[in-house]
Each structure stands twice: as C-alpha cells, then as structure tokens.
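Undergrad: In the order they appear, the protein sequences are chains A, B and C.
Just so we're aligned, residue 945 is where the first sequence starts under the numbering used here, counting upward by one.
Just so we're aligned, residue 945 is where the second sequence starts under the numbering used here, counting upward by one.
Just so we're aligned, residue 945 is where the third sequence starts under the numbering used here, counting upward by one.
Worth flagging that the hints you see were computed from the coordinates, not collected in a lab.
A couple of the hints might just be wrong.
Here are the simulated lysine to aspartate or glutamate pairs, EDC-like style, with alpha carbons at most 16 Å apart [stated by the list, open to error]:
| hint | chain 1 | residue 1 | chain 2 | residue 2 |
| --- | --- | --- | --- | --- |
| 1 | A | Lys1042 | A | Asp1071 |
| 2 | A | Lys1042 | C | Glu993 |
| 3 | A | Lys1101 | A | Asp1071 |
| 4 | A | Lys1130 | A | Asp1071 |
| 5 | A | Lys1124 | A | Asp1094 |
| 6 | A | Lys1056 | A | Glu1105 |
| 7 | B | Lys956 | C | Asp1081 |
| 8 | C | Lys956 | A | Asp1081 |
| 9 | A | Lys1125 | A | Asp1160 |
| 10 | C | Lys1106 | C | Asp1081 |
| 11 | C | Lys948 | C | Glu1207 |
| 12 | C | Lys956 | A | Asp1083 |
| 13 | C | Lys1125 | C | Glu1216 |
| 14 | B | Lys1125 | B | Asp1094 |
| 15 | A | Lys1042 | C | Glu994 |
| 16 | C | Lys1056 | C | Glu1011 |
| 17 | B | Lys1042 | A | Glu1105 |
| 18 | A | Lys1130 | A | Asp1094 |
| 19 | A | Lys956 | B | Asp1081 |
| 20 | B | Lys1130 | B | Glu1216 |
| 21 | C | Lys1042 | B | Glu993 |
| 22 | B | Lys1042 | A | Glu993 |
| 23 | C | Lys1130 | C | Glu1216 |
| 24 | A | Lys1125 | A | Glu1105 |
| 25 | A | Lys1214 | A | Glu1177 |
| 26 | C | Lys1056 | C | Glu1105 |
| 27 | B | Lys956 | C | Asp1083 |
| 28 | A | Lys1106 | A | Asp1071 |
| 29 | A | Lys956 | B | Asp1083 |
| 30 | B | Lys1023 | B | Asp1046 |
| 31 | C | Lys1023 | C | Glu1053 |
| 32 | C | Lys1106 | C | Asp1071 |
| 33 | C | Lys1042 | B | Glu994 |
| 34 | A | Lys1124 | A | Asp1160 |
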Amino acid sequence: MFGKILENVNKKHPLVHAITNYVTVNDCANMALACGSAPIMADDINEVEEIVSICNALVINIGTLNERTIASMIRAGQKANQLGLPVILDPVGAGASKLRTDTALELLEQVKFAVVRGNISEIKTIDQGSGTTKGVDADSNDALNDGNLDQIVQFTKRLSEKTGAVIAITGAIDVVADQKKAFVIKNGHPMMSRITGTGCMLTTVIGGYCGANPDDLLVATATAVSCMGLCGELAFEKVWAQKEGTASFRTYIIDFMSNMNAEMLERGMKIETR
Amino acid sequence: MFGKILENVNKKHPLVHAITNYVTVNDCANMALACGSAPIMADDINEVEEIVSICNALVINIGTLNERTIASMIRAGQKANQLGLPVILDPVGAGASKLRTDTALELLEQVKFAVVRGNISEIKTIDQGSGTTKGVDADSNDALNDGNLDQIVQFTKRLSEKTGAVIAITGAIDVVADQKKAFVIKNGHPMMSRITGTGCMLTTVIGGYCGANPDDLLVATATAVSCMGLCGELAFEKVWAQKEGTASFRTYIIDFMSNMNAEMLERGMKIETR
Amino acid sequence: MFGKILENVNKKHPLVHAITNYVTVNDCANMALACGSAPIMADDINEVEEIVSICNALVINIGTLNERTIASMIRAGQKANQLGLPVILDPVGAGASKLRTDTALELLEQVKFAVVRGNISEIKTIDQGSGTTKGVDADSNDALNDGNLDQIVQFTKRLSEKTGAVIAITGAIDVVADQKKAFVIKNGHPMMSRITGTGCMLTTVIGGYCGANPDDLLVATATAVSCMGLCGELAFEKVWAQKEGTASFRTYIIDFMSNMNAEMLERGMKIETR
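Using the sequences and the hints given, assemble the complete structure.
TA: Next comes the structure, spelled out in structure tokens:
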C-alpha cells in the first residue's frame, strides 16, 4: 500500500506549484525533485491561476507571508479548488503573530484544503482560532508523548472532521488522520529540528505524494511523513558514523530521499493505525 | 581559446549584478564565486542603476518575477546597455504563463541582450511569441537529439540574427550560436535535471564569463556551458562512486567549478563547431 | 570568559528575529540553529512588532533591501529598543549605492544598535556618511593589516563612542570594540570569502550570542567572531585534506559550528586585547 504510493510519484512525476517562504524555498525545490516530483514556485497574482492549472497539486506555506503573497495564495487556492487539485497548507508560525493566525484562518475559510501539516502548536492554533507559538517551533508544553497520544489522535480526527482536510501533526511522534482513521508514525530523529526547513520540505513532499495519489490523500500523506522521517534516521546514522554536523545532515536527508524506493520505505516505516 | 576565457575570469574577477529568483539565488551566488566572479544581488528600482554601474555584467532571471522586480529588470537592463555592459537573459518558465512570456518579450524589446540562455521550450516561446512549457522544465516533445540537431542549429542561428544576442539552448545536447557560427556541446549529465538551479547557475556563470570577456561573447558563452556540463559529469562520477544522492551532487558541482582550471577544462570539453 | 558565552547560548537557546536578505537567508537560519539559537524570519510590517516581542534579539541585514522591508526594519528595531533587546545591524553593501548608504544611516538614526558588524568599507561608509564599496566586498585599499592595525583599533573605538554600539570590523584581521576596549582576532581563513554569506551568517550568530548574553555585548560579539573564524579554519583543513571545493567548505563551516563547545573554542581562539 505505502510502497505503491511512492511508486506512483516516480511514475507520474507530479508538478507541484508552491507559494512558499524564501528561507527554505531552495531546500523545498530540491526535496521535491528528490522525491520524484517537479516544483514550480510562482507567487505573482497575475500568473498563479495559470501556473496552478498546469500542476497536479498546490502547496501554500505562510513562513514569510506578506500582503502581496497572501492575496496570491488565496487566488491560487481557489483556482486549484475549481480544478479539483489537492491543496496543502503549512501554517508556519500560526500563533506567533496575529497576522499568521488570521492568515491561516482566512485561508481555511476561503480555500478547501486536502491536507494541513504543522507542529502541534500551529495545529492547535488553527483549531482554537488563537494560540501562542515559540517562533516557528512547537511549544514544549504541547509536545506529543505516549501519555497524551490517544487524546491527540482523537483531537486530530475531530479537526479533520471540522476542516474536511487530512491533518498531519508532526514532531517527535507524528499523527496523520482523517475523520475516521489515524496513523501514528514514529520515524524521524531529533536532529531534524536542528536544521531549518524539515517541516517545509515535508509539506512539499506531501504535495508531490498527493498530486500523484489524489484518490488516497490520507495514505499518501502518512507515507510522505514516514518517508521523510526515515530519511532523517538514515541521514543521522551517516552523520554520526562520519562525525559530521547539521549541514551534512541536511545534505544527506535530501540524498536519501533521492535514492528511496518502495522496498526500503516499507522496510523502514514505523507506522500503526489507530 | 577556451582556456583563455576561463583564465580571464580568474584574473579579472568580474562583478556580476544579478536580478534573479529567490529559489536558486544562493546557489547562483555561490556558483558565481566558485567560477571566479563576484555576485551582487540588488532589485530595488532605486538602486539598480547605481549597482549595475559598478559591475561588469548584468544577469536577468525571471524565475520568480513580480511587478516590482520586472520594473527593476528593465531599468537595470537599459542602464547596462548605456554603459555597454553585457546583459544576459534567463527566461525561466517562458511559455508557462502569459506573465512570463510577455515579460520575456518585453525585456527583449526594451533591453539589448548579449546572451539569452534557456531550455528549448523557453527559447521556442521567445521565437514564436507564445508557447507551452511544463513548468520550468522543457517539454519532452521539444527535446534535442541527433536527429533534429541540424535543424535546431539553424533555428538558433536565425534567432540570434533576429535578436542580436548569442543564443544558448541547453539540455541533453547544448547549442550555442550567434548568427554565423554555432557550437554543439555534449558535456553534462542527466542528474543535473534532478536538482534545482543548474540552469540559473549556468546563466550566472555566463554572466561572469561574458563580463571578463566582453569582446568574445560567443566563445565565452560556449565555454561557460561546456564548463558547467563538465562539472556535472565530474560531480556525477563522485556521487556514483560514493553511493550518494542529489544534494551531494549539488555540492560537488559547485566544488568542481571552484577547482576548475584551463587545462582540466580543455581536456574535458566535448565541443564542436557547426 | 569566552567559553561561558557559548555555554549560555546552548543553555538559553535564544530566539533571534532576522529581517535579512534572500540570498543567504537559508544559511543564516541553519547557522543560527547550528550555534544553539533559533531563528525566525518575518518581514511584514504588520507582524514584526509582535514577532520581535517573543524574541531575545533582532538582526537587521540590508543585503536585498527594498522599500517595503526598510519600513519593517525600522518598525522592528524601534520595538526591540522599547523592549530592551539587543539589535544587530549588518549594513551589507553600504557605500555601493545611495539607497544602501542612506538606509544604513537612517537605521542608525532611528534605532539604537547594540552591535554593528561589517567589512571595513561598509563601516567606513557608516562613519563618513558616504563611501565606495566594490559591490558587497571590501575595497582592497581599505584592508586591515599589521601596519594600520593600531589606527583601525582607534577608529573602531571612536565609532563605538559615536554610535553607542559595539563595532565589529571583519576581514583578514577582525577588530571588535566598544569605546573603551578592543579585541583583535586573527581566526579565519581566506576561503571564507569564496562563499556567499559568511558575513551574514556571522551577524546572525552575533544575534544569538548577544541574545543569550545581553549584559556582555562586547565579549559576546568577540566570541562569535572568533568562533566563526575558527569554524572557517577547521572547515578549510577538512576541504584541503579531502581535495574538495567551496560548497563543501560551506557545509563544513556550519557542521563545525553545530559541534562547537567551550573547550574547543577556547583552545582555538586567536584573540588579544588592545
């Protein structure tokens, strides 16, 4: 099931339109290519409708939002909705400023999202309509652990019901759910939080996976989350063995994604259903 | 002849003003430095004339164009023309949206370009005034091969005559021509299309090579194209030997450029005249 | 003393708000994480006050300034001043255009800076109110050497008195001074000028070091400068041993920062008081 998702990406080479932040955009583009999709970044309001029309999915990331690009996000999202394309939201820093919280909420009102991926603080902000986030990282008070896992799974399913989107909460433990079914994923490594952009890159990968598997958004998203985590584990092993640091880790996580195949993925996944 | 071009870059350290996209800008800056030039990125309309005035070449890349930066591109291009500096155009995604096609055409009308470099779909769009491009990659129907090579060589020469610019069409096979003479270049490796920015980086390198060799634009451009392809070949060999992936490939292609010299280049070039 | 500065960064994980350029922003974010701080990039005028309010320091870098972001820089800087947070200025390219020179001067008028870090040409421009800079690199006529070092130390102290900020002039030799005391630092390697962003990354590291050591800005800044230079030396040794190039150097400089500790730092520092 999961391996098939990845094979579809490599077969269809989905084109992913990303309106994203300028901090991690290069990593997102390289990761998109590494995972078998092809990225196109375009944010001028006069071209986003045309660009999204030649694509298989749209990724909206509010990491360095501004007035000009917010308008483009909404325009592109509505066009993608008309075309029936999956739209993925990464509400970076929702809860850290009123502008980010309001923009995330407005996007959810104006655009129908196929998937929303964020850390626990960002996703709670979306649920509650307000929040506090330590910058772009999750608040440690919110962290998932084995003690509150069942509760978070129920929360994720309820939020999926409320929004109509697959919800992916990522952190030390990941939960990916629609209103009926949840996957709990334990791939990944703490070093992923010592480089910028692992969240943004993952959201871009989700875009490619959903673009190639539009009829199976939940499993596509869970596969992407697990695959990214697995690449993080493999990258850490290599960095550790070679006594390297975080920039090498960044290189290797993309390297492993570019060499991933269905067999390696299925062997490495740490995923269960709830 | 070719080695001399490279030596001039290392001797003169030309300063290259780039108005470029935010996806690959960091790679372009590092590649500019690696090839012996020095980059400066500046896109505010209130400074582009002054900035270009201290430079040896101007590179205009429309990869993430917007209304604000389009105006700056034209202003900078016209100033560079007044100063007699070579201006290089990378019409990223021309054909993928009306905005990109129209902007490329307007730039060609308002600014005299020394070199235009793109993939075959982008260059055909410029010739025809309209086109269809699969995002920022060439349409596979357009691909160069040994069967249509003569025809493309003739097309390239005619377009050079029409525009007054050296035309560089890059892909599996590269054609670089002015109205009289063409170079066909077979350096490069398919992995170059699995990372973002090889096209943008090449255009920046062309900027440096033309900035240091303003009286020999055709040979400077062909040398840059061949040199970039050679770095791709060397990078692939290393990635393959070490069982690495696409992000390591990106690192090595810049590494090899930073260590290139005239002898290595002339030994590795796969270039012929048509 | 110096080791304690670094330990505070690792203990407090200061959050650094950066309004910076899109060329090196990814490197700045990764370097911020590597040195133990956490970055957040936000430049919309409607959120900068809120964002800076959750941070420990603000870094302002004018490398790709435009009208929109200049207004955000001033707004964020004034808010940080109200909150008593250290604000660090990187006047990239001051002297290369009137816009850059004027913006640097206006920022110095409107915002009280804790630290200003630039190359010698940029810092002289700030002192004189005008200047000539070869793009974003220092003019070679201005270079520090053992012959003019005493004179530059005196100049640095005077400029600190005039501006109220710690002044860090970086190049082959670095001088960091407040009005009473100067550190002369001889860490670093010439290869640092063959990649983009070493200056920007250093300024971001200074932000983290000052954010975690707000009562010791002079020593925090000198420690950051020395630490960055030491990482450059270590990265060069590795690149040289492995016959690699400038992109590997970029990777390793961040790697070494991510593995730095107080003992390694104190052993490697080449610093003296003047």
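Undergrad: None of the hints should be skipped; say for each whether it holds.
TA: Each hint tested on the structure:
no. : hint                   : verdict
1   : A:Lys1042 to A:Asp1071 : 15 Å, holds
2   : A:Lys1042 to C:Glu993  : 11 Å, holds
3   : A:Lys1101 to A:Asp1071 : 12 Å, holds
4   : A:Lys1130 to A:Asp1071 : 24 Å, violated
5   : A:Lys1124 to A:Asp1094 : 14 Å, holds
6   : A:Lys1056 to A:Glu1105 : 13 Å, holds
7   : B:Lys956 to C:Asp1081  : 15 Å, holds
8   : C:Lys956 to A:Asp1081  : 15 Å, holds
9   : A:Lys1125 to A:Asp1160 : 13 Å, holds
10  : C:Lys1106 to C:Asp1081 : 24 Å, violated
11  : C:Lys948 to C:Glu1207  : 10 Å, holds
12  : C:Lys956 to A:Asp1083  : 15 Å, holds
13  : C:Lys1125 to C:Glu1216 : 11 Å, holds
14  : B:Lys1125 to B:Asp1094 : 13 Å, holds
15  : A:Lys1042 to C:Glu994  : 8 Å, holds
16  : C:Lys1056 to C:Glu1011 : 21 Å, violated
17  : B:Lys1042 to A:Glu1105 : 39 Å, violated
18  : A:Lys1130 to A:Asp1094 : 14 Å, holds
19  : A:Lys956 to B:Asp1081  : 15 Å, holds
20  : B:Lys1130 to B:Glu1216 : 9 Å, holds
21  : C:Lys1042 to B:Glu993  : 11 Å, holds
22  : B:Lys1042 to A:Glu993  : 11 Å, holds
23  : C:Lys1130 to C:Glu1216 : 9 Å, holds
24  : A:Lys1125 to A:Glu1105 : 11 Å, holds
25  : A:Lys1214 to A:Glu1177 : 11 Å, holds
26  : C:Lys1056 to C:Glu1105 : 13 Å, holds
27  : B:Lys956 to C:Asp1083  : 15 Å, holds
28  : A:Lys1106 to A:Asp1071 : 9 Å, holds
29  : A:Lys956 to B:Asp1083  : 15 Å, holds
30  : B:Lys1023 to B:Asp1046 : 21 Å, violated
31  : C:Lys1023 to C:Glu1053 : 14 Å, holds
32  : C:Lys1106 to C:Asp1071 : 9 Å, holds
33  : C:Lys1042 to B:Glu994  : 8 Å, holds
34  : A:Lys1124 to A:Asp1160 : 14 Å, holds
Of the numbered hints listed earlier, those contradicted by the structure are 4, 10, 16, 17, 30.
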